[in-house]
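If you want the building blocks of each chain, they are given just below.
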Amino acid sequence: MSKEPLTKKTLEAMTMVQLRALARERKVPLKKGLRKAEMIALLLKPPREEAKPARTRKAPAKQPSRARAPRAAAAKAAEALPTPSPFPPMPTELPEAYGRDTLTLLVRDPWWLFAYWEIPDGRLLEGWGQLGVSAEEADLILRLSDVSNILYDGTNAHWSADFPVYHRVGRWHLEANRPGATFLAELGVKARDGRFLPLLRSNTVLAPRVGESPRLAAQWIRRRGREVTEIAPPASVKGPAVQPAARPAVSPEALAEVGGPTSPPYR
Amino acid sequence: MALGYLALVLHAHLPFVRHPEHEEFLEEDWYYEALTETYLPLLGMMERLARDGVEFRLTLSLTPTLLEMFADPLLQDRYLQHLDRLIDLAEKETRRTRGDAAFEPLAWMYLDRFRACREQYIDRYGRDLAAAFRRFWEEGKIDLLTSAATHAFLPLLSVQPDAVRAQIRLGIETHRRHLGEAPRGIWLPECGYYPGLDRILREEGLEYFVLDMHGITHADPRSPYGVYAPIYTPGGVAAFGRDQESSKQVWSAEEGYPGDLDYREFYRDIGFDLPFDYIQPYIHRDGIRIHTGIKYYRITGKSDWKEPYVRAWALNKAAFHAGNFLFNREKQVEWLAGGMDRPPLIVAPYDAELFGHWWYEGPEWLEFLFRKLHFDQETVKPITLGEYLDAYPEAPVCQPPLCSWGHKGYCEVWLEASNDWLYRHLHEAGDRMIRLAREHPEAHGTTRRLLNQAAREILLAQASDWAFIMKTGTAVEYAVKRTKDHLLRFFHLERQVREGWVDEAWLKEVEHYDTCFPHVDYRIYR
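Residue numbers (numbering that gives the first Met the number 0), protein chains in the order written: chain U, 0 to 266; chain H, 0 to 525.
A few of these clues could be false.
Cut-off 25 Å, straight-line C-alpha distance, at most; resulting in silico cross-link-like pairs (DSS-like, lysine-lysine) [stated by the list, open to error]:
id : chain 1 : residue 1 : chain 2 : residue 2
1  : H       : K380      : H       : K330
2  : U       : K7        : H       : K480
3  : U       : K7        : U       : K44
4  : H       : K480      : U       : K8
5  : U       : K35       : U       : K8
6  : U       : K26       : U       : K7
Here's a subset of chain U near chain H, in silico, CB distances under 8 Å, partners left out [said to hold, decoys possible]:
id : residue
7  : A36
8  : L105
9  : V106
10 : D108
11 : R208
12 : I220
13 : R223
Hint data in this document are derived by calculation from the structure and do not stem from the laboratory. Quick reminder that beta carbons are idealized off the backbone N, C-alpha and C, glycines included.
Same shape as in the complex, but just chain U (with noise of 0.2 Å):
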């Protein structure tokens, strides 16, 4: 190895062995113990500097002399090492889960809702334990529930949809092909013979409604400003007698044609 100047790059991507072999030839004296990171700083110091000498003041006369050793060490150790915070350092990666229990239905389009989840393993024990069944005998399952204009009561939905979900922290996509139905979904287990039992419970969502909806408006107002008032129809409301491509596209693919640029460049 020669004496060429070293930089961060090229100790990183050595050895613990091979620094310390470097450190040896360069005479760059290393203490037991030190980790990867704070050899490094040790080996990018110019050689043979001495630490600064800690700025501190004159001890007063009273005070005894060997205060003054441990603070010279210290200043020098500081110097070669970065002052540790005492504080809990942020992390570097979101969590994988929160440790709370969470529903959550979001709408995708009209035909598509998307969920995530996260739920304990306690409440799984739970969960199979009032069942009945073993792990193995019970599937974890996301039913998702059209429960338009009624209290669902867990048995009245007009349409359900049981989506198994293999992990108790996930997400998915759910197609139910209902648009301008109200949605809920439960997380719960479900034994082979059938029985389900919900866990938790998500927010409801409303997909939206595709296509001109066959009502015209009746109530019509009139705002200025912060006032609104409500006024009569006008008696011979006039409309577009064809709207010129208002006749919009209602299935999934043809939609694929709404909508602006998914992004620049839009070519």
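Chain U is fixed; fit chain H onto it per the hints.
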């Protein structure tokens, strides 16, 4: 008296990108390019029209993050550095292309334009673009809309009304701070609407917004006017619908004007074409080739073969296309007016950055359009959204469905394989922010700083730009990094408030990095 009206709406938006920790940062270029190629040229166009007595009307949304960037001193300095480097490069180019009949005029064109930008920015506007736009608003020529604070896609935050409300409140507050008055209308990010949002908009004092066509035509019950007049939602807010025909002529990749063969080709930039040694000082300092903005070729055809750009031909085309657009609008209005008991309104919204940046001749097209509207006919008049509503304040009450102007018309762009992992975290952060705001009605000192910074972080994480970039795959690493950084900072701040300690040094660092909305008050979450 005009037979009908045309409301051109330009949505000017950029996510907040400011990296004081680096001397140069690639993604800051988005802002400098937009200033040079879109915002300054649009202002220049408005000056010329006003000077020539051309009556014009434009509805313009300036999003809160864009307003914050306009006002930021560091970004102002960096823009001037960027501009000076461009001027330097253009000067070199005039020397390098000397004698070349095809390229030398273009090099001079760029040099003149960059010098004009500099003069505009420093001398005419004193670096204060908000004030420049405001002057036109005061003169009644433009209507200024706000948007959600960090352009969050609201339908996917609908599970947390308080988080939606905070985005709206801070948007209005930022608009008022930079432009002097509260806005009347709002540009919903991506025209993203859901039933119930209208009530929040009404409570915050907003009067109107824009939806994609199917937001109006699929509303229940339906309006007799289709998209050619606004409706009121049950919440009492007016909604305007985008006209498909005028959109297609400009947006469409195949049929739209911007694809014309005489227009400038975006992808042949000297940043990629010229030898490395020559161009190196003007591209990214790590040697990554980037767009400089100096491009010498026209679209020519569908293949890779490109001919030199001829400015006169392109301007001719722009004038021709403006005439064509106007002709179509006249025919459209004549046809519609025959069947309506009030003058029809054609709403034509576009991203502002289309004009000048993606479509180089866009601002010239727009200027030709306004001149032709004013001098060449009487059928169609330009109008702002607010003006039309004031003139015709009566409308039917209809509830639009959840919708957006994104690809396929709903939420899929922001909720698909590349980005659906975001929402678990965004909602968790939202819940915690709301809880913090409730638990601290009157925070002071360091706690207040922690809470305000937490608000900044969650707002920045909620920007719909990140999910959009993840889907389109253009700068995914950066978008993921921004999301994670803001969420992680948020959770660390929230933890400190909850556990009652503060890492002063770390807080100072984070406050230094994320400076958007310096005046934010965390109580927007109450």
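Right, here's what the structure says about each hint:
Simply put, K380 (chain H) and K330 (chain H) have alpha-carbon atoms about 13 Å apart, close enough for the 25 Å limit, and the pair holds. A distance of roughly 24 Å separates the Cα atoms of K7 (chain U) and K480 (chain H); the hinted pair therefore holds under the 25 Å criterion. Taking the CA atoms of K7 (chain U) and K44 (chain U), the gap is about 11 Å. The hint holds against a cut of 25 Å. The straight-line distance between the Cα atoms of K480 (chain H) and K8 (chain U) is roughly 22 Å, inside the 25 Å bound, and the hint therefore holds.
Between the alpha carbons of K35 (chain U) and K8 (chain U) the distance comes to roughly 13 Å, so the proposed pair stays at or under 25 Å and holds. Taken as a hint, the K26 (chain U) and K7 (chain U) pair is honoured in the structure, with Cα atoms around 18 Å apart against an allowance of 25 Å. Because the smallest distance between the Cβ of A36 (chain U) and any Cβ of chain H comes to about 19 Å, over 8 Å, the interface hint for this residue is violated. Interface hint status for L105 (chain U): upheld, as the beta-carbon distance to the closest one in chain H is roughly 6 Å, under 8 Å.
About 6 Å separates the beta-carbon of V106 (chain U) from the nearest beta-carbon of chain H, less than 8 Å, and the hint is met. The restraint placing D108 (chain U) at the interface with chain H holds, with a minimum CB-CB distance near 4 Å, inside the 8 Å limit. Below 8 Å, beta-carbon pairs count as interface contacts, and R208 (chain U) has one with chain H at about 5 Å; its hint therefore holds. The interface hint given for I220 (chain U) holds, since its Cβ lies 5 Å from the closest Cβ of chain H, which is under the 8 Å cut-off.
For R223 (chain U), the interface hint holds, since its Cβ comes within 8 Å of a Cβ in chain H; the closest pair sits about 6 Å apart.
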